[in-house]
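J.: Here is what each chain is made of, one letter per residue.
Number of protein chains: 2
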Amino acid sequence: MDEIVNRRSIRTYNNKDVDDSTIIHLLEAARLAPSGSNTQPWNFIIVRSNVTKAKIASVDHNQTWMIQSPVHIVCVADIGVRIQNSIEMSLQEESPMEELKQIIRDTAIAAEHIILSAEDIGLSTCWTAWFKQNDIRPILGIPSDKYVVCVITAGYSDEAPRPRPRKDLESLLHFEKW
Amino acid sequence: MDEIVNRRSIRTYNNKDVDDSTIIHLLEAARLAPSGSNTQPWNFIIVRSNVTKAKIASVDHNQTWMIQSPVHIVCVADIGVRIQNSIEMSLQEESPMEELKQIIRDTAIAAEHIILSAEDIGLSTCWTAWFKQNDIRPILGIPSDKYVVCVITAGYSDEAPRPRPRKDLESLLHFEKW
Numbered sequence: 001m002d003e004i005v006n007r008r009s010i011r012t013y014n015n016k017d018v019d020d021s022t023i024i025h026l027l028e029a030a031r032l033a034p035s036g037s038n039t040q041p042w043n044f045i046i047v048r049s050n051v052t053k054a055k056i057a058s059v060d061h062n063q064t065w066m067i068q069s070p071v072h073i074v075c076v077a078d079i080g081v082r083i084q085n086s087i088e089m090s091l092q093e094e095s096p097m098e099e100l101k102q103i104i105r106d107t108a109i110a111a112e113h114i115i116l117s118a119e120d121i122g123l124s125t126c127w128t129a130w131f132k133q134n135d136i137r138p139i140l141g142i143p144s145d146k147y148v149v150c151v152i153t154a155g156y157s158d159e160a161p162r163p164r165p166r167k168d169l170e171s172l173l174h175f176e177k178w
Numbered sequence: 179m180d181e182i183v184n185r186r187s188i189r190t191y192n193n194k195d196v197d198d199s200t201i202i203h204l205l206e207a208a209r210l211a212p213s214g215s216n217t218q219p220w221n222f223i224i225v226r227s228n229v230t231k232a233k234i235a236s237v238d239h240n241q242t243w244m245i246q247s248p249v250h251i252v253c254v255a256d257i258g259v260r261i262q263n264s265i266e267m268s269l270q271e272e273s274p275m276e277e278l279k280q281i282i283r284d285t286a287i288a289a290e291h292i293i294l295s296a297e298d299i300g301l302s303t304c305w306t307a308w309f310k311q312n313d314i315r316p317i318l319g320i321p322s323d324k325y326v327v328c329v330i331t332a333g334y335s336d337e338a339p340r341p342r343p344r345k346d347l348e349s350l351l352h353f354e355k356w
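So the sequences go chain by chain: A and B. Heads up: the first sequence is residues 1 to 178, going by this note's numbering. Heads up: the second sequence is residues 179 to 356, going by this note's numbering.
No lab work stands behind these hints, which were simulated from the structure alone. Values in this document were obtained by computation on a predicted structure and should not be read as measured data. The beta-carbon is built from N, C-alpha and C at its ideal position, and this holds for glycine as well. A few of these clues could be false.
Once the Cα atoms are required to be at most 16 Å apart in a straight line, the calculated EDC-like pairs of lysine to aspartate or glutamate come out as [said to hold, decoys possible]:
(1) Lys-16(A) / Asp-135(A)
(2) Lys-55(A) / Asp-135(A)
(3) Lys-310(B) / Asp-158(A)
(4) Lys-345(B) / Asp-135(A)
(5) Lys-194(B) / Glu-354(B)
(6) Lys-132(A) / Glu-276(B)
(7) Lys-233(B) / Glu-337(B)
(8) Lys-177(A) / Glu-337(B)
(9) Lys-167(A) / Asp-198(B)
(10) Lys-233(B) / Glu-176(A)
(11) Lys-132(A) / Asp-145(A)
(12) Lys-355(B) / Asp-135(A)
(13) Lys-132(A) / Asp-158(A)
(14) Lys-55(A) / Glu-354(B)
Negatives, chain B to chain A, calculated, CB over 12 Å [as the list claims (entries may be wrong)]:
(15) Arg-226
(16) Thr-242
(17) Ile-245
(18) Gln-246
(19) Asn-263
(20) Ile-287
(21) Asp-336
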């Protein structure tokens, strides 16, 4: 698939805006993702406010380049699809529950659908996840039983980075057993 | 993207085999996935042995339909890319480390590249992950510091299931804040 081969993480964007209908198109692709028992734990926050983007960038390892992107898509996993009365929970990076691993897995799948669908229509993106839950949740009013899996920046590229290196397949591949 | 819209989870396969070069093609797409700090935690085990597939199906919630698929692709996340001396660790479903969440996330991205690349070439798949680490690792000789994220069945479909329902986008979508 060309989208997989050609896609690069882009951290420099030009001034061209991305309209809501384009973002909705990407989220439709996310919505169709497979998930464990079809539980669909994903939620999405579309952020365009420069003030909010600056706050996000600040807690996301101070990656100020993020502010330049016209839209942030915040991908949030909801453990409530798997645990009743989750409203009393406070999810952290060090929380041990299997259900948290499952909703992170499934939301990552949906997020990658956003990434590949964007590439398909000539829109550039970058995965970011260099924040702590306790720092990013208050910025966006996210309840403590939700886990922010990533913030995807989206926009039109103003750079042409070369491919990053990848490990050889032989070093990753096993036949019949480890 | 047609692959995202049209893809279904397939649990009934015909007798047609899938050759190694086709599986390698899928794993090349997985290998190109993005990952946090380009750490690439993924490993893959290609399983064709009927005995091993039956053992996997047995610990994977006894999903006997899995045996019918000619190939299982076992997707394994290696925490060693993030933690030194991980060889002494024993990862479990209830392990609390942030690094485990990160490698699950990244391996899920790579696994979905397999799923979508398969759809692109007319090959059908199903995500499965209804096993415990302590049950599946011994079958495949996987060290205790690796975490099995999923077993993907692959083959040629012998069924045409209708789309599973998905939540409306409106119920998942937020603007500017939660």
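J.: Look at each hint and say if it fits the structure.
T.: Results for each hint:
Taking the CA atoms of Lys-16(A) and Asp-135(A), the gap is near 30 Å; set against the 16 Å cutoff, the hint is violated. Restraint check for Lys-55(A) and Asp-135(A): satisfied, since their Cα atoms lie roughly 10 Å apart, inside the 16 Å limit. Restraint check: the Cα-Cα separation between Lys-310(B) and Asp-158(A) comes to about 45 Å, which exceeds 16 Å; the hinted pair is violated. Restraint check: the Cα-Cα separation between Lys-345(B) and Asp-135(A) comes to about 29 Å, which exceeds 16 Å; the hinted pair is violated.
Of the supplied pair hints, the one linking Lys-194(B) and Glu-354(B) is violated, its CA atoms being roughly 50 Å apart against a limit of 16 Å. Of the pairs offered as hints, the one joining Lys-132(A) and Glu-276(B) holds, with about 10 Å between alpha carbons and a cut-off of 16 Å not exceeded. A distance of roughly 24 Å separates the Cα atoms of Lys-233(B) and Glu-337(B); the hinted pair therefore is violated under the 16 Å criterion. Restraint check for Lys-177(A) and Glu-337(B): the C-alpha separation of about 30 Å exceeds 16 Å, so the hint is violated.
For the suggested pair Lys-167(A) and Asp-198(B), the alpha carbons sit about 20 Å apart, so the restraint of at most 16 Å is broken. The hinted pair formed by Lys-233(B) and Glu-176(A) meets the criterion: a straight-line CA distance of about 12 Å does not exceed 16 Å. Between Lys-132(A) and Asp-145(A) the alpha-carbon distance is near 14 Å, which keeps this suggested pair within the 16 Å criterion. A C-alpha spacing of about 14 Å is found between Lys-355(B) and Asp-135(A), which places the hinted pair at or below 16 Å, so the restraint holds.
Between Lys-132(A) and Asp-158(A), the direct Cα distance comes to roughly 29 Å. Violation of the 16 Å bound is thereby established for this hinted pair. Taking the CA atoms of Lys-55(A) and Glu-354(B), the gap is about 12 Å. The hint holds against a cut of 16 Å. For Arg-226(B), the shortest C-beta to C-beta distance to chain A comes to about 7 Å, within the 12 Å cut-off, and the non-interface label is violated. Residue placement check: Thr-242(B) keeps its beta carbon more than 12 Å from all beta carbons of chain A (closest about 18 Å).
Look at Ile-245(B): its CB is around 15 Å from the nearest CB on chain A, clear of 12 Å, so calling it non-interface holds up. Against chain A, the non-interface label of Gln-246(B) holds: every CB pair exceeds 12 Å, the least being about 18 Å. Against the 12 Å criterion, Asn-263(B) stays outside the reach of chain A, whose nearest CB is about 19 Å from its own CB. Against the 12 Å criterion, Ile-287(B) falls within the reach of chain A, whose nearest CB is about 5 Å from its own CB.
No Cβ of chain A approaches the Cβ of Asp-336(B) within 12 Å, the least distance being about 19 Å, so the stated non-interface status holds.
The structure fails to meet hints 1, 3, 4, 5, 7, 8, 9, 13, 15, 20 from the earlier list, while all remaining hints are met.
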